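So the sequences go chain by chain: A and B.
Note that the working numbering numbers the first sequence so that position 95 is 96, with each residue one more than the last.
Note that the working numbering numbers the second sequence so that position 198 is 200, with each residue one more than the last.
Treat the hints with caution; some may be incorrect.
Short, incomplete list of chain A residues facing chain B, as computed with Cβ under 10 Å [claimed, not checked]: (1) 103; (2) 113; (3) 132; (4) 133; (5) 250; (6) 287; (7) 290.
Simulated from the structure, these hints should not be mistaken for laboratory data.
In this text, all values refer to a predicted model and were calculated from it rather than measured experimentally.
We put the beta carbon where it would ideally sit given N, CA and C, even for glycine.
The lines below spell out each chain.
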Amino acid sequence: MSGVLVVLEQRAGQWNRMSWEALAAGQQLAAETNQPLMAAVVGDGVDALKGELGQKKLARGYAVEHALVKEYTADGYTAALEQLVKKIAPDFVVFPHTYQVRDFAPKLATRFGQGLIADVISFHVDGGKPVFVRQLLQGKLNADYRQTASGPCFVSIQAGAFRADALEAGSTEVEVFAPQIDAAQIRNKPGELFRESAQTVDLSAAPIIVSVGRGIKEKENIGIAEELAQALGAELAASRPICDNGWLPMERQVGSSGQTVSPKLYVAVGISGAIQHLVGMKGSKAIVAINKDENAPIFEVADYGIVGDLFEVVPALTKAIKEAKGI
Amino acid sequence: MKIIVAIKQVPSRDANVKVNAAGKWIEEQDLNYEINEPDAYALEEALQLKEKHGGEVVALCAGPDRVSQTIREALAKGADRAIHIEADDLNALDTLGVAKMLAAAVKAENADLILTGLQSDDLGLGQTGVVMAELLGIPHGTIIMQVEKSDGGIRVKRELEDGWFQHVEMPLPALLTIQSGISKLRYATLMGIKKAKTKEVKRIAASELGGLAEKAVSLDKVYMPHKQKQTQMIGGSPAEAAKTLVEKLKFEVRVI
Ligand SMILES: Cc1cc2nc3c(=O)[nH]c(=O)nc-3n(C[C@H](O)[C@H](O)[C@H](O)COP(=O)(O)OP(=O)(O)OC[C@H]3O[C@@H](n4cnc5c(N)ncnc54)[C@H](O)[C@@H]3O)c2cc1C
Ligand SMILES: Nc1ncnc2c1ncn2[C@@H]1O[C@H](COP(=O)(O)O)[C@@H](O)[C@H]1O
Chain A
2 MSGVLVVLEQ RAGQWNRMSW EALAAGQQLA AETNQPLMAA VVGDGVDALK GELGQKKLAR
62 GYAVEHALVK EYTADGYTAA LEQLVKKIAP DFVVFPHTYQ VRDFAPKLAT RFGQGLIADV
122 ISFHVDGGKP VFVRQLLQGK LNADYRQTAS GPCFVSIQAG AFRADALEAG STEVEVFAPQ
182 IDAAQIRNKP GELFRESAQT VDLSAAPIIV SVGRGIKEKE NIGIAEELAQ ALGAELAASR
242 PICDNGWLPM ERQVGSSGQT VSPKLYVAVG ISGAIQHLVG MKGSKAIVAI NKDENAPIFE
302 VADYGIVGDL FEVVPALTKA IKEAKGI
Chain B
3 MKIIVAIKQV PSRDANVKVN AAGKWIEEQD LNYEINEPDA YALEEALQLK EKHGGEVVAL
63 CAGPDRVSQT IREALAKGAD RAIHIEADDL NALDTLGVAK MLAAAVKAEN ADLILTGLQS
123 DDLGLGQTGV VMAELLGIPH GTIIMQVEKS DGGIRVKREL EDGWFQHVEM PLPALLTIQS
183 GISKLRYATL MGIKKAKTKE VKRIAASELG GLAEKAVSLD KVYMPHKQKQ TQMIGGSPAE
243 AAKTLVEKLK FEVRVI
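The following block holds chain A by itself, in its conformation from the complex (with noise of 0.2 Å):
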């Protein structure tokens, strides 16, 4: 038994972008323990993807191939890749951490006596055997985990921890693998996919956004965050529970599951810096975080800092604005 086998994401022919990170997670794994690289993507009639894999240096490559997982169910995935898997036996498969990831991997980790180390942010070998990093308390501290059963390690690699840019390219076979599904082992019926509301703000756009979080503690404080923004000329944005409460529109929410910014500069006003925030807004080229605990994770990606009361610094930081600005 050996190998990493690294399971890519993909929905409707489109790959899932996590999953070459996933891949590259999988490619520093297998070099660090010396074992063969495999990559396994599951659908039905995924050619032109098989074609892309085909194109990475890898050991082999797996098409899980049956009509029963084309649309994805966590009944049929789990089916499909626990055949795979016990084919292959390899020592660690590993996934993106996805949604849908985080809907069926717990569930194929436990066929195999598994649990799943989820959302690593990195990893190093120890002995011969992998220490995984992954966060506590929302990204406040760290810990490192290591699988003590026998069998496939199950690990999930989160968003933006390796870089797809590692990947070596070369050419590889892929295996077609045809699982045996039957209908009747898949209990839930999914519908289409939707979206809610039309997007009638583009905060993609923006140089400047001031984004709001609970730190705010009610609606009515939004507005001396509203005053920043004008006076920097910037659109506001919040982190998810200020949109759940209705304090501002969803459209205005910036993480995982609402917008991805990159402005020239964001400013985090009592936020603190949740991965699914981070993944939405790290990408800007400066970033300021207002908080009063020092010990945010907001402040691991932010340039410039202060910890202090938002309803003391902000409105300090609007009147300095002002003046500089001469408004």
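Place chain B with the ligands on chain A using the hints.
Below, chain B with the ligands alone, put in the same frame as chain A:
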């Protein structure tokens, strides 16, 4: 509908956490705890489903003595009864161990629906619910925003990435992991708080549930993250800090 809601007690969001002396977990003394945020929404969803369709809501919580407080709050909000799995040290278990215990405790209940939060604020594993569903042999849905009864089962709205959603139908019994912020949470009423005292809390020792099996995954060490980015921390009074920042925005970021 008989609904079980798994609720976990976690350190409160703005707790100032410190790594403990052993470097294996956080310092628990002087820490405030609260219900895991998505679990509060799972409970709310369960209570609303009961109001619509009738039935019973049972709160399920594994943890040490201190979780009694969270259980009482769930009862005060309207859960009919609770199951407390007495586990002094949850860290002695991995996900599979916790999920096995939770699944064993509810198996005999034969509930129609089991709700969990989509992820815990402390461990952030995001998988206990899915593992429970697999152990119980029932279908599941994750990151659920809405639940409706349909012919022969339920129809749920699942959140996908980048603002996409999907409806999924599944038969009952089923397990759903609930997303935060999907409704408005109710407060416990005075009457509710009074009534909670008379409601049943069944206590089961963790050892009775065979959850103390060997771990598949272990947490070896907890530590503060090493800073990767050079952050210029700006000190001084709010006015001074504002002034310094404006200089930076003018001459370094060039947006003023
Ligand atoms: C599947 C999934 C998808 C998600 N998608 C998104 C998404 O797209 N976007 C998103 O943002 N989140 C998303 N989340 C939620 C995310 O995990 C966090 O819960 C959320 O980002 C937290 O928002 P926050 O930082 O505003 O609040 P909190 O985490 O509560 O942070 C509030 C911060 O304010 C600070 N603060 C409090 N008072 C003051 C004060 N007076 N002065 C200064 N600072 C103060 C605190 O120190 C704290 O750091 C998602 C979660 C999941 C599980
Ligand atoms: N000790 C526990 N007691 C009750 N429910 C739990 C416990 N641990 C996890 N859960 C449930 O499982 C969900 C996901 O947790 P996790 O897999 O740790 O992210 C939580 O939101 C809870 O609903």
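Review point. So which of the earlier hints does this model not fit?
Key: Of the numbered hints, just 5 does not hold.
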